[in-house]
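Taken in order, these protein sequences are the chains called A and B. Heads up: the first sequence begins at 1 in the numbering used here, then just goes up one per residue. Heads up: the second sequence begins at 1 in the numbering used here, then just goes up one per residue.
No lab work stands behind these hints: they were computed from the structure. Please note that a few of the clues may not be correct.
What the hints assert, rightly or not - Once the Cα atoms are required to be at most 27 angstroms apart in a straight line, the calculated DSSO-like pairs of lysine-lysine come out as:
#, chain 1, residue 1, chain 2, residue 2
1, B, Lys120, B, Lys83
2, A, Lys281, B, Lys118
3, A, Lys281, B, Lys83
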Amino acid sequence: MSPEVLSTPVVETAKAPDRAHSRARAARRRRIVVAVSRVLLLAAVLGLWEVLSRAKIIDPFNFSMPSKIWDQIWTWITHGTALGSLGEQIWYTLYEALLGWVIGVVGGVVFGIAFGRITLLADVLGPYIKVLNSIPRIVLAPIFVIWFGLGPASKVASAVVLVFFPVFFNAFQGAREVDRNLVANARILGASDRRVTLQVVIPSATSWIFTSLHVSFGFALIGAIVGEYIGATKGIGLLVAQSQGTFNSAGVYAAMVILAVVALLAEGLLTFAERRIFRWKPSDSDS
Amino acid sequence: MSTDISPAIELRGASKTFRTPSGGLHTAVRGLDLTVGRGEFVAVVGPTGCGKSTTLTLVSGLEEPSQGEVLVVGEPVRGVGDKVGFVFQQDATFPWRTVLSNVMAGPRFRGVPKAEAKRKAREWLARVGLTAFEDRYPHQLSGGQRKRVALAATFVNDPEILLMDEPFSALDVQTRALMSDELLELWAGTGASVVFVTHDLEESIALADKVVVMTAGPATVKQIFDIDLPRPRKVESVRLEARFIEIYREIWESLGEEVRITRERGAAHVA
Numbered sequence: 001m002s003p004e005v006l007s008t009p010v011v012e013t014a015k016a017p018d019r020a021h022s023r024a025r026a027a028r029r030r031r032i033v034v035a036v037s038r039v040l041l042l043a044a045v046l047g048l049w050e051v052l053s054r055a056k057i058i059d060p061f062n063f064s065m066p067s068k069i070w071d072q073i074w075t076w077i078t079h080g081t082a083l084g085s086l087g088e089q090i091w092y093t094l095y096e097a098l099l100g101w102v103i104g105v106v107g108g109v110v111f112g113i114a115f116g117r118i119t120l121l122a123d124v125l126g127p128y129i130k131v132l133n134s135i136p137r138i139v140l141a142p143i144f145v146i147w148f149g150l151g152p153a154s155k156v157a158s159a160v161v162l163v164f165f166p167v168f169f170n171a172f173q174g175a176r177e178v179d180r181n182l183v184a185n186a187r188i189l190g191a192s193d194r195r196v197t198l199q200v201v202i203p204s205a206t207s208w209i210f211t212s213l214h215v216s217f218g219f220a221l222i223g224a225i226v227g228e229y230i231g232a233t234k235g236i237g238l239l240v241a242q243s244q245g246t247f248n249s250a251g252v253y254a255a256m257v258i259l260a261v262v263a264l265l266a267e268g269l270l271t272f273a274e275r276r277i278f279r280w281k282p283s284d285s286d287s
Numbered sequence: 001m002s003t004d005i006s007p008a009i010e011l012r013g014a015s016k017t018f019r020t021p022s023g024g025l026h027t028a029v030r031g032l033d034l035t036v037g038r039g040e041f042v043a044v045v046g047p048t049g050c051g052k053s054t055t056l057t058l059v060s061g062l063e064e065p066s067q068g069e070v071l072v073v074g075e076p077v078r079g080v081g082d083k084v085g086f087v088f089q090q091d092a093t094f095p096w097r098t099v100l101s102n103v104m105a106g107p108r109f110r111g112v113p114k115a116e117a118k119r120k121a122r123e124w125l126a127r128v129g130l131t132a133f134e135d136r137y138p139h140q141l142s143g144g145q146r147k148r149v150a151l152a153a154t155f156v157n158d159p160e161i162l163l164m165d166e167p168f169s170a171l172d173v174q175t176r177a178l179m180s181d182e183l184l185e186l187w188a189g190t191g192a193s194v195v196f197v198t199h200d201l202e203e204s205i206a207l208a209d210k211v212v213v214m215t216a217g218p219a220t221v222k223q224i225f226d227i228d229l230p231r232p233r234k235v236e237s238v239r240l241e242a243r244f245i246e247i248y249r250e251i252w253e254s255l256g257e258e259v260r261i262t263r264e265r266g267a268a269h270v271a
């Protein structure tokens, strides 16, 4: 046996983990660079805003400044708002949005699947649904305040009408686009119409439905906020309206920040649920 | 005539006309007469797009004939019956169900209790060699493994009639030969009557007792050939036998003409 034959594999095995190691280090370095750049970018934008506003290059009355916005949030957290504690306002808005979202989603899914499965229903009611959908539904919010008063019901109603349509159309599309082979296979295997709906149509429409859930939670928040803005006794939308009434621009921005945090948390929860439900799907890295 | 001696499948002058999206009429099958005996393995070959698959959907009850009659075990077909199994050309496993749950689907749909369905499903998974994969989802399997799941899911229902629509056409050549052998083994134990649609003449001769040659669309039976090769057969070796080649040549003379007609029509259509 020549020494080369012996030595070559030794070099190889020594090299391989080294290369993997350096690749892992490069990936880690890249992650750090991305994270640091993000933080720097945010700091730069906020810093610029603060400096420009303090130097009166932009009007501090209109544009406020990050420090004032933070002060406002802090005041709300520690001393409560004019309407009561901040937590209560957040909870109120969240409650209205969630309730509206759930009702809208359930309604949208049930009607969407039913329309997708029962052609007669789709043929008869299709045009009316299109007409309803073409109304800019946010103008219904004032009507709902008149109908249901200043309490949560009117906000829930405006959230429902905003959520229903995107969910409905996605569920409808999902039910329509079910793989015909899967339906034929289920029928051959002995599934009744009800089973086909429950065990083939609904599972295969779930990915369509979930796409709309992400968008529609945002819509539910919009519905609740606009409803509160128009007339309410509690909620973040009312906080915005009051801040506006007192020309407190920092208050408007502060409410926006709070809403963004709430929306991001909800989005995170939804993504988590989606991962659990779609375990059967090939992940992007697989394909 | 008692039902005991009636053939497994009988098509009498069956025709099927579809309405095309542009509003025209397309006749897929015209005046089709075909009889499949009990326990017989019949392969149907014909040029692509001639209406072979439509024949299967008529027998399965997924579609009704526009004219004529379709009888299964002496009874006219009314909707999807419980005697029929169907293996599709495309993947028809449920992607959201695990392998085991896919195979359990048939018995569960038919009201078999869960424990019993699970036992039967495991038995068939063992026969197709997928016991170790019962918790996987279809996307985690290879094309051949998914076909095995489809076979197990079909056989677990104990079909008297087995309809197969180019089931192995999406597989690579080696896998296809392997699956054909497995199909013959699985079928041998069941006594089911099979109609196997394919455009691959070699495959049809290797598998079947009887090869039916269809005309260019609209499809009708052109000629029927009996395949007298002894069973059990091994797909890879049977095709090298002198008798096989002789049969192949004989059938191709009939089929080749229809293929040519289809091709000329296609060319005229393009021009």
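A quick look at each hint next to the structure:
For the proposed pair B:Lys120 and B:Lys83, the alpha carbon gap of about 17 angstroms is at most 27 angstroms, so the pair holds. Straight-line distance between C-alpha atoms of A:Lys281 and B:Lys118 comes to about 23 angstroms, which keeps the hinted pair within the 27 angstroms bound. For a cut-off of 27 angstroms, the pair hint linking A:Lys281 to B:Lys83 is broken: about 32 angstroms separates their Cα positions.
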